[in-house]
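A.B. asks: One-letter residues, chain by chain:
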Amino acid sequence: DGGITQSPKYLFRKEGQNVTLSCEQNLNHDAMYWYRQDPGQGLRLIYYSQIVNDFQKGDIAEGYSVSREKKESFPLTVTSAQKNPTAFYLCASAPGTEIYEQYFGPGTRLTVT
Amino acid sequence: AQKVTQAQTEISVVEKEDVTLDCVYETRDTTYYLFWYKQPPSGELVFLIRRNSFDEQNEISGRYSWNFQKSTSSFNFTITASQVVDSAVYFCALSDVTGGFKTIFGAGTRLFVKA
Numbered sequence: 037d038g039g040i041t042q043s044p045k046y047l048f049r050k051e052g053q054n055v056t057l058s059c060e061q062n063l064n065h066d067a068m069y070w071y072r073q074d075p076g077q078g079l080r081l082i083y084y085s086q087i088v089n090d091f092q093k094g095d096i097a098e099g100y101s102v103s104r105e106k107k108e109s110f111p112l113t114v115t116s117a118q119k120n121p122t123a124f125y126l127c128a129s130a131p132g133t134e135i136y137e138q139y140f141g142p143g144t145r146l147t148v149t
Numbered sequence: 011a012q013k014v015t016q017a018q019t020e021i022s023v024v025e026k027e028d029v030t031l032d033c034v035y036e037t038r039d040t041t042y043y044l045f046w047y048k049q050p051p052s053g054e055l056v057f058l059i060r061r062n063s064f065d066e067q068n069e070i071s072g073r074y075s076w077n078f079q080k081s082t083s084s085f086n087f088t089i090t091a092s093q094v095v096d097s098a099v100y101f102c103a104l105s106d107v108t109g110g111f112k113t114i115f116g117a118g119t120r121l122f123v124k125a
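Same order as they appear, the protein sequences are chains A and B.
Residue 37 is where the first sequence starts when you use this note's numbering, and the numbers rise one by one after that.
Residue 11 is where the second sequence starts when you use this note's numbering, and the numbers rise one by one after that.
Don't take every hint at face value.
Unchecked claim - Facing chain A, a subset of chain B residues (Cβ under 10 angstroms, in silico):
{"#": "1", "residue": "R38"}
{"#": "2", "residue": "T40"}
{"#": "3", "residue": "Y43"}
{"#": "4", "residue": "Y47"}
{"#": "5", "residue": "V94"}
{"#": "6", "residue": "S97"}
Stated by the list, open to error - In silico DSSO-like cross-links for lysine-lysine, where the CA-CA straight-line distance does not exceed 27 angstroms:
{"#": "7", "chain 1": "B", "residue 1": "K26", "chain 2": "B", "residue 2": "K124"}
{"#": "8", "chain 1": "A", "residue 1": "K107", "chain 2": "B", "residue 2": "K112"}
{"#": "9", "chain 1": "A", "residue 1": "K119", "chain 2": "B", "residue 2": "K13"}
Said to hold, decoys possible - Between beta-carbon pairs, the in silico distance windows are:
{"#": "10", "chain 1": "B", "residue 1": "E69", "chain 2": "A", "residue 2": "K50", "range": "41 to 51 angstroms"}
{"#": "11", "chain 1": "A", "residue 1": "T147", "chain 2": "B", "residue 2": "Q93", "range": "31 to 41 angstroms"}
{"#": "12", "chain 1": "A", "residue 1": "K106", "chain 2": "B", "residue 2": "E25", "range": "38 to 48 angstroms"}
{"#": "13", "chain 1": "A", "residue 1": "R49", "chain 2": "B", "residue 2": "T40", "range": "38 to 48 angstroms"}
{"#": "14", "chain 1": "B", "residue 1": "T90", "chain 2": "A", "residue 2": "S58", "range": "36 to 46 angstroms"}
{"#": "15", "chain 1": "A", "residue 1": "G99", "chain 2": "B", "residue 2": "T40", "range": "44 to 54 angstroms"}
{"#": "16", "chain 1": "B", "residue 1": "D65", "chain 2": "A", "residue 2": "S116", "range": "46 to 56 angstroms"}
{"#": "17", "chain 1": "A", "residue 1": "A117", "chain 2": "B", "residue 2": "G72", "range": "38 to 48 angstroms"}
{"#": "18", "chain 1": "B", "residue 1": "T82", "chain 2": "A", "residue 2": "P44", "range": "17 to 27 angstroms"}
{"#": "19", "chain 1": "A", "residue 1": "P44", "chain 2": "B", "residue 2": "T108", "range": "32 to 42 angstroms"}
{"#": "20", "chain 1": "B", "residue 1": "T40", "chain 2": "A", "residue 2": "S116", "range": "38 to 48 angstroms"}
{"#": "21", "chain 1": "B", "residue 1": "E25", "chain 2": "A", "residue 2": "G132", "range": "32 to 42 angstroms"}
Keep in mind the hints are simulated off the structure, nothing from the lab.
Because the structure is a prediction, the values reported are computed rather than measured.
C-beta: ideal position from N, C-alpha, C; glycine also.
Bound conformation, chain B alone (with noise of 0.2 angstroms):
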């Protein structure tokens, strides 16, 4: 069966301190695609990233970087020298062949960013 955990309900940092954002995934297939959206408090999800899990490079996009491990099943968000316009919600998801490819959204980390 298809599960995302994000075990973090809240995360509070004070500006400029790194944070990582935890994402553990459950899919028996081989084939998959795991995804991070941002929720800004305007309540419009933005799209972040998409793997496919053939891919196991890790990604950097500014202050963002993604850790993507099959081994253990996680795909853990980390975002550097956070700023307050980061706060906001954010969703780890998973698509798979078994669900049709429709898409399994964690349950969110709202993650507080102080100045």
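Bound-form chain A, shown alone (with noise of 0.2 angstroms):
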């Protein structure tokens, strides 16, 4: 099946850790994303890539960090320098930039306590 993975659907981290989010996707599209959703609220971006080796910051970057060294795999890293962690991650992929739309992933919940 083709699609995009996000492991674990749950996850729980002391706070001054920092944890990896996996996105894994199997579509072989150029662009990656990682999105935040808090309650209420719509999905604010945080980075993006699009192509191998290349990534961009989005809207809410700081205390995020991210790797793109294979073009069907997009970690995001959630430091200790991110104030306010525990949210919905959503990671997405497209075929390129400019006109498509997007195929989400199922999604992390992290809950930093």
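Starting from two chains that each stand alone, build the complex the way the hints lay out.
C.D. replies: In structure tokens, the structure reads:
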């Protein structure tokens, strides 16, 4: 089956710890995205990548880091510098970054206490 | 600046009613793309439709229809004869040249369809 996988579905961490969220796609898409969703709000862009070994900051990149070493993988690290990391994180991919719709993974709900 | 406004936070209807979800957008570009996504309780967003700024034709897909009006900067979504399975959060989104084709999402409208 073609699609996007995110693991785990639920993640719990203690404050002060870094945590890495996984995102893998087998759609052969060039572009990948990370969004954060908070209750009652829309999606906010954290980072995006148009091509392997290249990525750009989105609107709320502070406290997050990413890598794009392989076309199919775009992991997101939530660092201890992120002041309010508890949220629902969604990964998406698209054939390109211009006119295309995005395909989303099932999301990871991160809780930091 | 880009902006997408979904003024309806929550809508509740009874099954078989028609329901319209409103979306108003702002952009200074003449070339832009509008999208609707559905987020069921499972959490994964599902793409429903994409419309470019040069195509104002309304679209119908089964029980779903979309009304794009550039004169009012609106891209409204209507579900005819709603069903319980339509219960979800629906997001309207905008992508334009000035924004580097990054997609801006509205806050979403939560639709409850009661049996």
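A.B. asks: Please list, smallest to largest, the hint numbers that this structure does not respect.
C.D. replies: 1, 2, 5, 6, 15 and 18
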